[in-house]
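Engineer: These are the residues of each chain, in order.
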Amino acid sequence: QRGPLVLAAASMQEALSAAADAWERKGHARPVLSFAASSALARQVAAGAPADLFISADQEWMDDLARRDLLAPGTRANLVGNRLVVVAGPEERSLAKLRGTALGQQLAAGPLAMADPDAVPSGRYGKAALERLGAWPIVAPRIVRAESVRAALALVERGAAPYGIVYLTDARLSPKLRIAGIFPHGSHPPIVYPIARLKSARNDKAEMFRKFLISAQGQQIMGRYGFTAP
Amino acid sequence: MGGGRGGASMSFEVDVTARRGDAVVGATFQAGEGSTVLFGPSGAGKTSLLMMIAGLLRPDTGRVRVSGQVLFDAARRINVRPEDRRAGVVFQEPRLFPHLSVRRNLLYGAASAEGLEEIATRLDIAHLLDRWPRTLSGGEARRVAIGRALLRDPDFLLLDEPLASLDRARREEAMLMIERVRDETRLPMLIVTHDPEEAERLGRQIIRM
Amino acid sequence: MGGGRGGASMSFEVDVTARRGDAVVGATFQAGEGSTVLFGPSGAGKTSLLMMIAGLLRPDTGRVRVSGQVLFDAARRINVRPEDRRAGVVFQEPRLFPHLSVRRNLLYGAASAEGLEEIATRLDIAHLLDRWPRTLSGGEARRVAIGRALLRDPDFLLLDEPLASLDRARREEAMLMIERVRDETRLPMLIVTHDPEEAERLGRQIIRM
Amino acid sequence: MTDELETIVRLSLLIGGVATAGTLPVAFALAWLLARGRFPGKLLLDGLVHLPLVVPPVVTGWLLLIAFAPAGPLGMLLERWFGVSILFRWTGAAVAAAMMALPLMVRAIRLSIEGVDQRLEQAARTLGAGPWRTFATITLPLALPGVLAAAMLGFARSLGEFGATITFVSNVPGETQTLPLAIYAALQRPGGEATVWKLAGISIAISLIALIASELLGRRQGRRLHVL
Amino acid sequence: MTDELETIVRLSLLIGGVATAGTLPVAFALAWLLARGRFPGKLLLDGLVHLPLVVPPVVTGWLLLIAFAPAGPLGMLLERWFGVSILFRWTGAAVAAAMMALPLMVRAIRLSIEGVDQRLEQAARTLGAGPWRTFATITLPLALPGVLAAAMLGFARSLGEFGATITFVSNVPGETQTLPLAIYAALQRPGGEATVWKLAGISIAISLIALIASELLGRRQGRRLHVL
Ligand SMILES: Nc1ncnc2c1ncn2[C@@H]1O[C@H](COP(=O)(O)OP(=O)(O)OP(=O)(O)O)[C@@H](O)[C@H]1O
Ligand SMILES: Nc1ncnc2c1ncn2[C@@H]1O[C@H](COP(=O)(O)OP(=O)(O)OP(=O)(O)O)[C@@H](O)[C@H]1O
Ligand SMILES: [Mg+2]
Ligand SMILES: [Mg+2]
Chain A
205 QRGPLVLAAA
215 SMQEALSAAA
225 DAWERKGHAR
235 PVLSFAASSA
245 LARQVAAGAP
255 ADLFISADQE
265 WMDDLARRDL
275 LAPGTRANLV
285 GNRLVVVAGP
295 EERSLAKLRG
305 TALGQQLAAG
315 PLAMADPDAV
325 PSGRYGKAAL
335 ERLGAWPIVA
345 PRIVRAESVR
355 AALALVERGA
365 APYGIVYLTD
375 ARLSPKLRIA
385 GIFPHGSHPP
395 IVYPIARLKS
405 ARNDKAEMFR
415 KFLISAQGQQ
425 IMGRYGFTAP
Chain B
444 MGGGRGGASM
454 SFEVDVTARR
464 GDAVVGATFQ
474 AGEGSTVLFG
484 PSGAGKTSLL
494 MMIAGLLRPD
504 TGRVRVSGQV
514 LFDAARRINV
524 RPEDRRAGVV
534 FQEPRLFPHL
544 SVRRNLLYGA
554 ASAEGLEEIA
564 TRLDIAHLLD
574 RWPRTLSGGE
584 ARRVAIGRAL
594 LRDPDFLLLD
604 EPLASLDRAR
614 REEAMLMIER
624 VRDETRLPML
634 IVTHDPEEAE
644 RLGRQIIRM
Chain C
444 MGGGRGGASM
454 SFEVDVTARR
464 GDAVVGATFQ
474 AGEGSTVLFG
484 PSGAGKTSLL
494 MMIAGLLRPD
504 TGRVRVSGQV
514 LFDAARRINV
524 RPEDRRAGVV
534 FQEPRLFPHL
544 SVRRNLLYGA
554 ASAEGLEEIA
564 TRLDIAHLLD
574 RWPRTLSGGE
584 ARRVAIGRAL
594 LRDPDFLLLD
604 EPLASLDRAR
614 REEAMLMIER
624 VRDETRLPML
634 IVTHDPEEAE
644 RLGRQIIRM
Chain D
35 MTDELETIVR
45 LSLLIGGVAT
55 AGTLPVAFAL
65 AWLLARGRFP
75 GKLLLDGLVH
85 LPLVVPPVVT
95 GWLLLIAFAP
105 AGPLGMLLER
115 WFGVSILFRW
125 TGAAVAAAMM
135 ALPLMVRAIR
145 LSIEGVDQRL
155 EQAARTLGAG
165 PWRTFATITL
175 PLALPGVLAA
185 AMLGFARSLG
195 EFGATITFVS
205 NVPGETQTLP
215 LAIYAALQRP
225 GGEATVWKLA
235 GISIAISLIA
245 LIASELLGRR
255 QGRRLHVL
Chain E
35 MTDELETIVR
45 LSLLIGGVAT
55 AGTLPVAFAL
65 AWLLARGRFP
75 GKLLLDGLVH
85 LPLVVPPVVT
95 GWLLLIAFAP
105 AGPLGMLLER
115 WFGVSILFRW
125 TGAAVAAAMM
135 ALPLMVRAIR
145 LSIEGVDQRL
155 EQAARTLGAG
165 PWRTFATITL
175 PLALPGVLAA
185 AMLGFARSLG
195 EFGATITFVS
205 NVPGETQTLP
215 LAIYAALQRP
225 GGEATVWKLA
235 GISIAISLIA
245 LIASELLGRR
255 QGRRLHVL
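Residue numbers (this note's numbering), protein chains in the order written: chain A, 205 to 434; chain B, 444 to 652; chain C, 444 to 652; chain D, 35 to 262; chain E, 35 to 262.
If you're looking for bench data, these hints aren't it; they were derived computationally from the structure.
None of the hints are false.
Ranges between beta-carbon positions, derived for each pair:
no.	chain 1	residue 1	chain 2	residue 2	range
1	A	GLY231	D	LEU111	39 to 47 Å
2	D	ARG114	B	GLY464	52 to 60 Å
3	D	ARG114	A	ILE418	38 to 46 Å
Remember, it's a predicted structure, so these values are computed and weren't measured experimentally.
Just so you know, even glycine gets a beta-carbon here, dropped at the ideal spot from N, CA and C.
Between the sequences and the hints, there should be enough to build the whole structure, so can you do that?
Structural biologist: Structure follows, in structure tokens:
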């Protein structure tokens, strides 16, 4: 029998694959993992595509599916959390201050790479943090909106932008870049990846796998990739 | 649809007009048995007339009957499709199919390969059968076009300057062949030519446009 | 490069061969002043020869001189480009430019529009000047092709069956024009024809292939 | 080649091949209509055919999703008539690829059909060939360069199709994960460049082989065409 | 139309127009080489031209980024010679669009060049036209249907270009944010559908106008072509 079909946000790729490997080693059929942008996956679910689990990069799309009554009742949970950081090329200075004009001026020295602050989750968190820290008005005109957080990372890696705002999990995976600063808790809404079983789920292992992911063992695996507890 | 083939009836009964650009071309004539030569200055509308009889150009008004069969009648809204008219047409330009070998050009309209050899020999194109049309000389292409029209087993022939650009010997051979077709099979035949000698020899009747 | 134009020198000095498919075509001849007729059966290589003299087909071996000017010499690696040979060519098929009006076809190779009117009138194509080539009849297109070659102000003429598909009257007019060019401008001229009468009239010299 | 990679490549070839082969007749019919037809709404049809080119692929994928969703108009028909759904299936990926390739294929074929000399078709008619035989023996072979170009373009485009596919049928390994989707997945991983290079290299190799095949076919054909 | 929308539309037209106009001569030269040239490595060139079609757009964008990054080979040259960078600039978006449109344009033009009867070019040569004049007055006009199709395809493709653009030059409002990028942003959020429809409608309207213009131009031209 096939494993459950899991639709997951692209940034979960390594962590979730590792968890699926562990699950398989326990003698289960390997779950089928489909990674794409949360928005694309949520629309597929909303259209009635038959899948078992959905892991979103933000609450908004999960809320949308909940409103459409597509989630199995009582199965929504927060899977993992993440932190937002500023990455820098190897030559750039670390952030002197994580507040106000000083932060703004340092970040605005060149183009600032981040995912679209009006659309993509990591971009929205970044915008909230910069606003909260008082740096947004200075930084806003210098922002280049990447298609995804990984694309923002690539811009910094290539030297196209000195700084970028990305997730901690992404920053850790890039050997070329340094973490120039971590946004404090509370400077932006908590970053959580919600998980839920879908009403359309047919695979009887789906619920078991969902439980495995939120179990201590699952959390520990994903923690290895830099995800925090939700 | 009245009237048998050949026999005593008229071969071509034509009365058509068609607009071509600013001018109107057309002709009215009845031709008896055998072959008829169409004679007239360049631009008189000879080719246009042949196209109307072949079904490739729709006349604006009039009628076309061949061997008693109505092929076109504007008033009665009859317009037999070109493929059902069973005309053997030699166009003014060869119009060989460039993607088919000479052999397959010749056989395109033929029911069987029977007769291919004889006609190819008479037209002196037997050595060209496996060539592509684009490698033929002007006269060679024209002879292939004549062969193709004859092999189609037509009910009547429409020949637009079939002997142009042929040398004496081959012209003679081709003319003999056309005469033989005319005399043996008694196919109605309409031939455009500018050569009075040719007209004299081939045409029982000459129509001037 | 030795030898003046026309005068007492040879008009065409040709000695070429070229491979065409399996066969080899070619010819060796010298022609004196005036016009020369090329006579030979279909497929003999007349068109190929004209193309070699025009510079459109590269001979494998040999030489081409016209009015003393070397146009091609395999041994000396001379091969004058077609546009520099100043030939007036009438091809066996009209080869009119389909995207240009008849007028612009005629003037394509002309230095000025001077002479257009006279030539158009003589060739009886004056009424066609604003038409597109695809609307021309076979004979009309051929006359435009003749006019185009003459208006190019050539140093010599290569005519491949220029009078085919022309009716008597227009053939006569065209022939008179060619004779006039021959006699007045003394251009060397090589004419392919299958008509012995035409050959007789136009050619001071007849070359059989 | 690992098993996983083999699956991806096989799937890409399957989807590309099915999309190209399936679209070719449709593209030919549309090209024919646009080249030869005279009917009201021709420009509109022309515009419709071009849409997948103009609209970003994600939007095309999204529209396909709406149409083929279980409650969507086409999804309902498929379900009722054949009892199947193409969501999350390789067939859906083929539909997405076909959709994106269509405008390119129609244009190529149309250019070639417009280049066919209709006097040759007339000649065929007088030789007793009806419209269909004329089409099959004269028009189609003479338009073959365009058909070959269309097949080549369609296959190459299918091989590179990403946006519409991932939006429409997701990125399901073994079912809809073609080379571009696998490349996307690798690109999402910092340090995944090596995989990207490898997968892109495979794509390029496949398309080069297809290209060479189509060129050689076209060359054989080309020699025969083009002089009355 | 809001100011923002107007900026997006103007930018899309600018980028599409510049990409198409700039690519046309390049595409023609390549098409010419591929149709007429005989040189070693012709198949390789053919393959290279097709690459942007086969490789997913994000990869093309990524390669452009590597090439034009400040430390990249082309980026360094541009910086040294002209003191400019096209990163995050509309010029970069035009480069991305041009890159993606190139294979389509080359194919269309190539098909038309292959359809030009070389006997007409020969006739022009005997009439004293050198290779260039022959090209400009005979080959080019006779290949015009392909050039028009290429312009149309290129413009439409540019108008829909997303993946390579956003990867290469990001989404900078007022500089690189074209219609597809705006559409993508709208698609990312629940409830963004209304904006998507509006923007897609504008794309479609623009391309329909371009299409009609090219059809009408082509029709005028078409009437003249195609019979010796
Ligand atoms: N599409 C068109 N538009 C305008 N005039 C046309 C068109 N087609 C043909 N014609 C004209 O119609 C007339 C008749 O043409 P047709 O080809 O029938 O002449 P023809 O008698 O065969 O001449 P030829 O002996 O030169 O072949 C010609 O004057 C030609 O210019
Ligand atoms: N590409 C080719 N391959 C093979 N044979 C060819 C090729 N081109 C020409 N030929 C042959 O070369 C010969 C000479 O052709 P050419 O056109 O010069 O003849 P021609 O004397 O002009 O004949 P015509 O009077 O029929 O026009 C012909 O037999 C022709 O079939
Ligand atoms: Mg005629
Ligand atoms: Mg000849």
